[in-house]
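Asker: Sequence:
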Amino acid sequence: MGRQPCCDKLGVKKGPWTVEEDKKLVNFILTHGQCCWRAVPKLAGLRRCGKSCRLRWTNYLRPDLKRGLLNEAEEQLVIDLHARLGNRWSKIAARLPGRTDNEIKNHWNTHIKKKLIKMGIDPITHEPLNKEATPPNTLCQSLDQRDMEVSHQESTKICGQASSIDNSSAPTENSSTGESQSLDQGDNDLLMSYIWSEAYLDDSLWNFPATGEDYTNFGSSSPENYSEFSLNYKDFSGEDFGFGCFSDMDMNSQDMGGKH
DNA sequence: AACCCCTGCAACCGCTTCACG
DNA sequence: ACGTGAAGCGGTTGCAGGGGT
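The opening position of the first sequence corresponds to residue 902 in this note's numbering, with each subsequent residue numbered one higher.
Among these hints, one or two may not hold up.
[To be verified] Straight-line C-alpha distance at most 30 Å; calculated DSSO-like pairs for lysine-lysine:
#1 K925 - K952
#2 K1006 - K952
#3 K1006 - K925
#4 K967 - K952
#5 K915 - K1006
Think of the hints as simulated: they come from the structure by calculation, not from any bench. None of the values given here were measured: they were computed from a predicted structure.
Could you build the full structure based on these sequences and the hints that come with them?
Answerer: Structure representation (structure tokens):
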């Protein structure tokens, strides 16, 4: 009903972002913080709609993003959280530091869903597709069948039972997420234990910047994030962005939380 | 080598929710 | 309490790259 479009369609560019556009957006947000997204394109000199800028930032340019496929623990966590929360990707993403809702959604649709179906589990209900003919677990050896049973049968009370998720028995080879990730097994176990604590599932206790929150303070507690980000950016499109501002940010991060 | 098909991911669209006057 | 605008969210699409024939 008379709702304004998020941007005037004329002169607004669509499609993949160029390195130049990324630079502009990152530089703008790092120097000004996140003010109203609608104003960002104009202020940053971008011919994009604010929505597109927000999406690009939250899904790709955010400094705290992890890159690469989800590791085993993360994947298991997504499955279990999905059993509890359904397709509330942003809620799920909020529990996976460095992962975006879009990324998790994509991973779910392209990897996990198929995996569950092959295992005879309905990815929507997390119930067995065919109770008497559950296929042998030929895929996803990391997901112990018994644990999957727990996931879908006891999803409502699984909280706090992370110890039942026996990652330690998982073979080193893995189907689609095989490459090693940053978490070693010990980290995974710890992560899973914490993840299923009530505290973990309490939204109010989450300080990790979820999608849409203000990331301009991302480094205030962990300056090393900057250097990692900076390094990542050196690999971005094979060129150095020359973000000298990152090192400045390191010192000025306290000032950057303020909005204009 | 060329073509086709499949897969995965980035980005868009439109609806919902939230915040504010 | 209501209306309006902005942000957030989830579903969907389009395209690039890889693998198979």
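Asker: Hint by hint, note whether the structure agrees.
Answerer: Taking the hints in turn, this is what the structure says about them:
1. K925 - K952: This hinted pair holds, its Cα atoms lying about 16 Å apart.
2. K1006 - K952: 19 Å, holds
3. K1006 - K925: Distance ~27 Å between K1006 and K925 Cα, so the pair holds.
4. K967 - K952: With Cα atoms ~22 Å apart, K967 and K952 stay inside 30 Å; holds.
5. K915 - K1006: 22 Å, holds
The structure is consistent with each of the numbered hints, conforming to all of them.
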